[in-house]
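Could you put together the complete structure from these sequences and hints?
Per our numbering, numbering through the sequence shown is continuous, rising by one, with the last residue being 134.
By construction, these hints were calculated from the structure, which means they are not laboratory data.
A quick note: this is a predicted structure, and the numbers were derived from the prediction, not measured.
Check before you lean on any hint, since a few could be wrong.
Claimed, not checked - Restraint-style ranges between C-beta atoms, simulated for each label pair:
1. T87 with A26: 34 to 44 Å
2. T34 with P59: 19 to 29 Å
3. R90 with R33: 36 to 46 Å
4. R90 with E57: 31 to 41 Å
5. R126 with R66: 20 to 30 Å
6. R131 with Q96: 16 to 26 Å
7. T118 with P24: 29 to 39 Å
8. R21 with H129: 13 to 23 Å
9. R33 with D107: 14 to 24 Å
10. G36 with I70: 14 to 24 Å
11. Q91 with I53: 29 to 39 Å
12. R62 with R128: 22 to 32 Å
Virtual Cβ for every residue (Gly too), placed ideally from N, Cα, C.
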Amino acid sequence: MLLDSTVLIDALRGRPAAQRIREMRTTGGEPWPCAVSVEEIWRGIGDHEAPLARRLFRALRIAPLGVTEGEVAGTWRRTFARQGVTLQRADCLIAAAVDIDAELTTGNPTDFPMLGLRVRHWRVGT
Numbered sequence: 009m010l011l012d013s014t015v016l017i018d019a020l021r022g023r024p025a026a027q028r029i030r031e032m033r034t035t036g037g038e039p040w041p042c043a044v045s046v047e048e049i050w051r052g053i054g055d056h057e058a059p060l061a062r063r064l065f066r067a068l069r070i071a072p073l074g075v076t077e078g079e080v081a082g083t084w085r086r087t088f089a090r091q092g093v094t095l096q097r098a099d100c101l102i103a104a105a106v107d108i109d110a111e112l113t114t115g116n117p118t119d120f121p122m123l124g125l126r127v128r129h130w131r132v133g134t
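Below is the structure:
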């Protein structure tokens, strides 16, 4: 399962996503973030949160991002732009990382309208 930044923030703050990720790991599931989500977390955390974020990311495998994922993300942005819909670069790169054959887990499913993308909504912030 590919973890979006919203889910990672929730986990770092000790909200329900933290328990879901722990349960997933104990039942054989493999949660993955991608480098874009890592950057988004580091950009938004306070210095006091850095040790916890470091521990979280050391415990997870990072989904690869390369040329293929960049091509997919760029194609989505171009296609949606032609329809008058602006997709965020970060969201498209995160979604493109599902090439690991995973489902994208997010607190903001409307940010990921790409056809064929498997998205699971995890309620966050509570």
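Results of checking the hints against the structure:
1. Range check, T87 to A26: Cβ separation about 35 Å, and the 34 to 44 Å hint holds.
2. Here the CB-CB span from T34 to P59 is close to 23 Å, well matched to the stated 19 to 29 Å.
3. One distance hint, 36 to 46 Å for the beta-carbon pair R90 and R33, holds here, with the actual separation near 41 Å.
4. Between R90 and E57 the beta carbon distance is about 40 Å. The supplied range of 31 to 41 Å therefore holds.
5. For R126 and R66, the Cβ-Cβ distance of about 27 Å falls inside the hinted range of 20 to 30 Å, so the restraint holds.
6. Judged by the Cβ atoms, the range 16 to 26 Å given for R131 and Q96 holds: they are separated by roughly 21 Å.
7. Checked against the hint of 29 to 39 Å, the C-beta distance between T118 and P24 comes to roughly 20 Å, which is inconsistent with it.
8. Our hint of 13 to 23 Å for R21 and H129 holds, since their Cβ atoms are close to 18 Å apart.
9. A C-beta distance of roughly 21 Å is found between R33 and D107, which places it inside the suggested range of 14 to 24 Å.
10. A hinted range of 14 to 24 Å holds for the C-beta pair G36 and I70, which are about 19 Å apart.
11. At about 35 Å, the CB distance of Q91 to I53 agrees with the hint of 29 to 39 Å.
12. Against the hinted window of 22 to 32 Å, the Cβ-Cβ separation of R62 and R128 comes to about 26 Å, which satisfies the hint.
Hint compliance for this structure: hint 7 alone is broken.
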